[in-house]
Structures are given as structure tokens and as C-alpha cells.
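Number of protein chains: 2
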Amino acid sequence: MNFDRELQDRVNEIETIIKAYLPEESGWAKTVMEAMNYSVNVGGKRLRPMLMAETYRLFGGADKAIEPFMAAIEMIHSYSLVHDDLPAMDNDEYRRGKKTTWVVYGDAMAILAGDGLLNYAFETALKSFEMSGSDAGRKAKALSILAKKAGVHGMIGGQTADIEAENLGHQVTIEHLLFIHEHKTAALIQAAMMAGAVMAGAGEEQISLVEKAAYEIGIAFQIQDDILDVTSSLETLGKPVGSDAKNQKTTYVTLKGIEEAAREQREMSDHAVKLLRSLEEEGFQNEFLMELIQSLITRIK
Amino acid sequence: MNFDRELQDRVNEIETIIKAYLPEESGWAKTVMEAMNYSVNVGGKRLRPMLMAETYRLFGGADKAIEPFMAAIEMIHSYSLVHDDLPAMDNDEYRRGKKTTWVVYGDAMAILAGDGLLNYAFETALKSFEMSGSDAGRKAKALSILAKKAGVHGMIGGQTADIEAENLGHQVTIEHLLFIHEHKTAALIQAAMMAGAVMAGAGEEQISLVEKAAYEIGIAFQIQDDILDVTSSLETLGKPVGSDAKNQKTTYVTLKGIEEAAREQREMSDHAVKLLRSLEEEGFQNEFLMELIQSLITRIK
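Which chain is which? The protein sequence lines are A and B, in order. FYI, the numbering used here numbers position 149 of the first sequence as 149, with every residue one higher than the one before it. FYI, the numbering used here numbers position 167 of the second sequence as 1167, with every residue one higher than the one before it.
Note that these hints are calculated values from the structure, not bench results. These numbers were taken from a predicted model, which means no experiment stands behind them. Here a beta-carbon is modelled for each residue, glycine too, at the ideal position from N, C-alpha and C. Please note that the accuracy of each hint is not assured.
Computed spacing ranges between beta-carbons, pair by pair [claimed, not checked]: (1) B:Glu1260 with A:Asp63: 53 to 61 Å; (2) B:Glu1013 with A:Gly238: 34 to 42 Å; (3) B:Gly1097 with A:Glu34: 35 to 43 Å; (4) A:Asn91 with B:Glu1130: 48 to 56 Å; (5) A:Thr298 with B:Gly1097: 52 to 60 Å; (6) B:Ser1208 with A:Gly137: 23 to 31 Å; (7) A:Gly137 with B:Ala1062: 20 to 28 Å; (8) B:Glu1130 with A:Gly283: 26 to 34 Å; (9) A:Glu130 with B:Gly1133: 18 to 26 Å; (10) A:Asn247 with B:Ser1208: 52 to 60 Å; (11) A:Gly238 with B:Gln1248: 54 to 62 Å; (12) A:Thr236 with B:Lys1064: 48 to 56 Å; (13) B:Ser1208 with A:Glu267: 44 to 52 Å.
The following block holds chain A by itself, in its conformation from the complex:
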């Protein structure tokens, strides 16, 4: 089967899993559930649950205990977008060609929907404890990794540094920018892959290797975002291009130039694949995961 076909099949499987875990829209609090489901169903590449499932598969994981974690990480990713888009934050009206949650449901309900998704992510992941497959220790560890990488020492920390960088304008250094990318983007990629590894029973050294590879995948993925903001079009990307320049935002591209950024991005991506391929000696192999990682830096949206 070719990669694109296989990718689409796996996206479809993930969509089914996510939908199964979203809340039913009913009762006096129906509106927040509608806003939550709207936010998740707006779409996306489902990259984080996919990386989680493929890393789980890499280490021999084969049962459904990973599924609540897959839904959970997509809920966390979605909530972060809902709150980022708020007028008090980035004030974005469109994402993936659709109106953002606050535009449709209002600011107050968008704040609650984001809170609801973050909280529901933990409710959902905790359902894995009631399922067979894996053990309670692994589940608690996977949950701890997810929580830490999503929090103030992870994604929320990156978002904080990003907001502070906006106030600094062009004084932002490469160290500051790498902190932002590491935390805002790479941390959740790390959480996805590390949780997959932990749930499949990977050892400490393997988890540490996965953390390093996921860091490089996350940074390479973010650089591709910065490149696309310069080179893509509104139609392809589903959101305005050139917004970084308009907002005088410092990016990897503004700091290093587009060619050097692309070169470093390829280097990181190749190195991540090399790291993961080193696990083949121990009998752990997943060709689809290797292709997926390489596809991230050639994606056009």
C-alpha cells in the first residue's frame, strides 16, 4: 500500500477513536459540549495521536488501552488552539478554513470549552485504567508524562514564553525561540511518542531515545510551519499566510533565513529517523513511522 493511502486509512481510524471519546451533547451544559466537539471536529492532521499509536506499535503495543490516550492528546492539542485563538490571546478568526471557536460560540463559552477539553483529556486518559492491556504503573507513568509535557514545564510554558517574546519584538534570541518551539510544539510531540513507548513497555533508555527523537521531530515540524507561513497560500494553508511577518514575529526563518532553516530542519528530521532506526537492532521496527516523520518536513499544509 502506498504511504498516502495508508496515511489516510490511519487518519480515518484515529477520527473514529476520537469521536468515540468526545462527550455526548445533552443537558443544561449542552452548549459547552457542542463548543468542545466543534473545536475537535474542525479537523487537523491528527499528528499527535498518530505518532503515539505508531510509537506504541513500534515497541510491540497491540491493544486498545492506548486509545483513550490518543483521544486525550488530541483534546489537549485542540484546547490549546481554542485558547490561543481567543481575542485576549492571538485574536484569530479562522483556523483550517473554519471559524474559530470563540467566533462561533463567544469568548466565554470558548474559554469554558478549552477548560472542558483540557479537563476531559484527563478524564478520558483515566478510562484506560478500567481497560485490560498494559498495567496500572505504565498508565500512571504515561499520564504523568502527558500532564508534565502539556503543562507549565511544557506546552503552557512555551505559550507563555511566546507571548512574552511578542512584547520583545525583534530582540528575541535564538535561545528564546528554541525554548518556545521546544515547549510550545515539541513537548506535546514528545508526550505523544513517550506515552506510546511507556504504554508498550519500553525501557528507560528507549524512552529517553524517543524523547530526543521527538524533540527533533517537533522542532523540524515547527520550522516547516514557519517556512509555510512565507511560501504557502491562503487556499492551501486554510489560514492567512504572511501573518508572522505582519505581526513582526521572530521565527526560525527570520533569524536564519529560509535556506539555512530548511537545511537544519532536514538535518533534525534525518537524525530523528536515524535514532529511531537504531532500535532495529533490538528488533523494534515501524516503516510507516519512518515515512511519517520524513513526510512532515515536505508537507505543504
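Once you've looked at the hints, dock chain B against the given chain A.
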């Protein structure tokens, strides 16, 4: 020792526990950590961790494994206030006589601080898995209860229904109002007491009894809030009084009158104590908890 003295001692113990679990303020994301810590340190009665600790004690719990959960539930309570106070929500500038988080740190940082506290609550509670005392099954169950009662089927659901009630004005029915109070206020009181019971190894019937008692304690507590909004003063309460009337907000007091509201409140509080006292037959007794519950409906702030 008299009740007030004992209460103050226990508040002090809880303050020490909460402070020990708050994040250290450092690094590029320092500001969000400052805003989180400001939000929690603004004070409060620490009622939820206290009810949790006392219910844990009621069922014979004696070790520190409950402490991360105590800190976690106060973080959840604090985050809900930070987001409630935002201009896009209730637009409140003062709480407990101090400036609210968004007034000090701005809207964007207050949104992130709320997200940070909610996420950190789970990170913190998950630390209990690394501690001795209780077992992993109990910890996972306590965490699931906490997550559910804080989420869209609990506190966030209540907040949603509250916002929708504001749009309805005086058409709000007693059923709608009870839904709001049950979810916005009682759910987290239930989470506190149920998590305490679960962590101490209480059985299903005991947990169910605690859930019922906590419902009544939560509603009685909320009615006292509504009564104080009519009868108290700014100096005593630390926030403007008469705000419900000003906002044309439907409360238990506007629907039933102050005397009937006070009567029902006492009935619920007495019944909660009676329910919990029925556990004495099984050898479970905590006099301080009984006094604490009764004190809630005579409190003046």
C-alpha cells in the same frame, strides 16, 4: 481545643501542603508561574482540601498520599476563579479584597495561569502514584472522581449553565438553579470528600453516602453565599455585596425568600451531618468534620 483554634491550625497545615506543591518561579515561563502562585496564594478558606483531609481521616486514612490530592483540588478551585473573573466572563476586579489575576497580569496571562493551574492539578495529584500509602487502584479511582466532578459533567458544566442562566435573567427555574449549584459548587465538594473516602479505602456504599452528604453540604454552602450577598458588607466579605441583585441574578434567595432559603439550608446541613453520623455504627467518627460542616452555614464570609 476549641473549634476556631483547631480550624486555624488545620488551615495552616493545609497552607504548608499547598505551598510545597506550587511550582517554583523560574525560567522563560516564570510569569505564568507567578500568576498561578498569586492566584492560589490570594487565600481562601481552603475548604475543599480540608473536607478531603477530614473525610480521609474519618475513614482511617493516616498517611501523606492524600496531600497531592489536597493541593490539586485547591488548584482546580483557584483556576476556576481565575477564569470566572476574566473580563470575558464575570469581569470581576476584586476577590477576597485583592486584585484578581487578570487585573494584575493581564487577560492573556490569566487565561494561561488558569490553564496552568488546571493542568498542574493533575500533574500534582499524579505524584501520589510515586508515594507509598494507599494503592494504585485507589489513586486512579480518586483521580477519576476528581476529573469527572471538575469537568463538563461537574463544575465546568455548572459554570456553563450559569452563563446561560444569566442570559435568561428572571426566567431561571429552581430546577435550573439547582443544576447550577449542584455542578458549579457541590460537585467539587463531592470530589473532595469522595476522593478522601476512596483514598482511605472506603467501600462503594460508604462512598455513595459521602456523595449524598457532600451534595447537601455543597448546596447549603452555596445558599449561605447567596444569603451573605444580601446581608453582609464589603469589609467582611472582601468583595462587593448586593452584586446578585445588581446583576439581576436569580439565586436561592430571590426564588424562595431569605427565611425559607435559610431554613432549607439548615435542613440540608443537618441531614448531611446525620448521614455522616450514621457511619459511627461502623466505627467511623470525626467530630471536627461534624463541627466544620455545621460552621459553614453560620459563617459570615
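Going down the list of hints, with the structure as the test:
| no. | hint | result |
| --- | --- | --- |
| 1 | B:Glu1260 with A:Asp63: 53 to 61 Å | 56 Å, holds |
| 2 | B:Glu1013 with A:Gly238: 34 to 42 Å | 53 Å, violated |
| 3 | B:Gly1097 with A:Glu34: 35 to 43 Å | 38 Å, holds |
| 4 | A:Asn91 with B:Glu1130: 48 to 56 Å | 41 Å, violated |
| 5 | A:Thr298 with B:Gly1097: 52 to 60 Å | 57 Å, holds |
| 6 | B:Ser1208 with A:Gly137: 23 to 31 Å | 29 Å, holds |
| 7 | A:Gly137 with B:Ala1062: 20 to 28 Å | 24 Å, holds |
| 8 | B:Glu1130 with A:Gly283: 26 to 34 Å | 31 Å, holds |
| 9 | A:Glu130 with B:Gly1133: 18 to 26 Å | 23 Å, holds |
| 10 | A:Asn247 with B:Ser1208: 52 to 60 Å | 54 Å, holds |
| 11 | A:Gly238 with B:Gln1248: 54 to 62 Å | 42 Å, violated |
| 12 | A:Thr236 with B:Lys1064: 48 to 56 Å | 55 Å, holds |
| 13 | B:Ser1208 with A:Glu267: 44 to 52 Å | 59 Å, violated |
Checked against the numbered hints given earlier, this structure breaks hints 2, 4, 11 and 13; the rest are met.
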